[in-house]
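Residue numbers (full-length UniProt numbering): 1 to 241.
Watch out, some of these pointers could steer you wrong.
Unchecked claim - With a straight-line cut-off of 30 Å between C-alpha atoms, the simulated BS3-like cross-links for lysine-lysine are:
1. LYS91 with LYS47
2. LYS116 with LYS231
3. LYS95 with LYS47
4. LYS47 with LYS23
5. LYS23 with LYS68
6. LYS68 with LYS95
7. LYS231 with LYS178
8. LYS95 with LYS23
9. LYS95 with LYS116
10. LYS47 with LYS97
11. LYS23 with LYS91
12. LYS116 with LYS91
13. LYS116 with LYS178
14. LYS23 with LYS97
What the hints assert, rightly or not - Derived CB-CB ranges, DEER-like:
15. GLN167 with ASP31: 34 to 42 Å
16. VAL36 with LYS95: 16 to 24 Å
17. PRO104 with SER28: 24 to 32 Å
18. GLY221 with HIS44: 36 to 44 Å
19. GLU64 with GLU90: 16 to 24 Å
20. ASN24 with ARG55: 19 to 27 Å
If you're looking for bench data, these hints aren't it; they were derived computationally from the structure. These numbers were taken from a predicted model, which means no experiment stands behind them. Glycine is no exception: its CB is placed at the ideal position from the N, C-alpha and C atoms.
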Amino acid sequence: MYKLVLFDLDGTLLPLDIEVFVKNYFVSITDFFQDVVDPQVFLHNLKQSTRAMARNQGDTVNEEVFMKNFLPAVGRERDFMYPRFQLYYEKEFPKLKEYAGFSPWAQESVTEVLNKGYPIVLATNPLFPRMATVERMSWARISQYPWSMITTYENSRRCKPNVQYYQDICRRMGVQAKECLMIGNDVQEDIVAGTLGMDTFLVTDHLIDRGNPSYHPGHQGTLPELAHFMKEMPQYSPQGC
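Please model the complete structure; the sequences and the hints are all you need to start from.
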């Protein structure tokens with residue numbers, strides 16, 4: 001049926017309210033850097049540089065887009081800031097776990113797909129470094145699985161909802177869009193993959209729908225319903241599409 005299954009992370013495999021999480025992330029990282037960058041300057045340029053990543057058209061990886069915007073704006077050099085960012089993601093970022101939940105149904109969905117032999121990709125919006133992404137994966141208890149790809153800001157040149165983000169994954173994984181299933185909770189960022197011909201499953205537990213543009217998923221349901229959907233999938237066959 002499919003040759004590749006893609007999973008979103010935040011709000012999909014990792015239950016959370018993204019607005020609450022991001023708000024507390026901004027407070028956490030701004031406080032951590034307040035001794036070296038004015039908090040208002042830091043937060044403003046963190047948001048601006050994140051928006052720059054979201055507009056990335058593929059000339060370089062998201063990490064470079066972020067740093068080329070952020071470092072000059074806060075008046076700090078790469079050699080100074082990189083170790084500080086690493087320390088933040090090692091020491092402080094894990095504390096944000098209190099704003100996330102856990103669903104055994106999400107874990108079961110991934111297990112079912114793997115048991116049936118499908119390659120899997122963690123198609124989380126690549127605005128975070130790998131350290132932060134793997135940390136959030138550990139909260140969802142899915143970091144131990146054999147992911148064929150995890151999209152992070154170090155290895156991605158575009159972001160959701162740009163459909164080229166999904167095209168890049170297909171190209172790198174050697175599949176066509178019509179051979180893929182994308183699973184996510186965000187209509188505009190995840191279900192947009194359907195415009196390329198991907199099948200889609202909208203997870204409704206922490207549904208995000210801004211209304212416009214509107215996309216219609218091929219399937220939808222709660223995390224328990226997603227797990228049931230996975231159980232009903234056929235065994236993986238490379239010639240299945």
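### Message
What's the verdict on LYS23 and LYS97, does the C-alpha distance respect the 30 Å limit or exceed it?
### Response
Status holds; Cα separation ~13 Å.
Has the given pair, LYS23 with LYS91, been kept, meaning a C-alpha gap of at most 30 Å?
holds (18 Å)
GLY221 and HIS44, beta-carbon distance inside 36 to 44 Å? Given about 40 Å between the Cβ atoms, the range holds.
_VAL36 paired with LYS95, Cβ distance criterion 16 to 24 Å_ = The hinted range 16 to 24 Å holds for VAL36 and LYS95, with Cβ atoms some 20 Å apart.
Run the distance test for LYS91 versus LYS47: straight-line Cα separation, threshold 30 Å. OK: LYS91 and LYS47 at ~22 Å, within 30 Å.
| Holds or violated: are the alpha carbons of LYS95 and LYS23 at most 30 Å from each other? | This hinted pair holds, its Cα atoms lying about 14 Å apart.
- Task: Decide if the proposed pair is consistent with the structure: LYS231 and LYS178, CA atoms, cutoff 30 Å inclusive.
- Result: holds (21 Å)
Exercise. At the C-beta level, are ASN24 and ARG55 separated by a distance inside 19 to 27 Å?
Worked result: holds (25 Å)
Using the C-beta atoms of GLN167 and ASP31, is the stated range 34 to 42 Å upheld?
-> holds (38 Å)
Check whether the Cα positions of LYS95 and LYS116 lie no farther apart than 30 Å.
Not OK: LYS95 and LYS116 at ~35 Å, beyond 30 Å, violated.
Is the Cα-Cα distance between LYS23 and LYS68 30 Å or less? Status holds; Cα separation ~24 Å.
Notebook entry, point to check: Does the Cβ pair PRO104, SER28 satisfy 24 to 32 Å?
Noted result: holds (27 Å)
Checked against the numbered hints given earlier, the structure breaks hints 9, 12 and satisfies all the rest.
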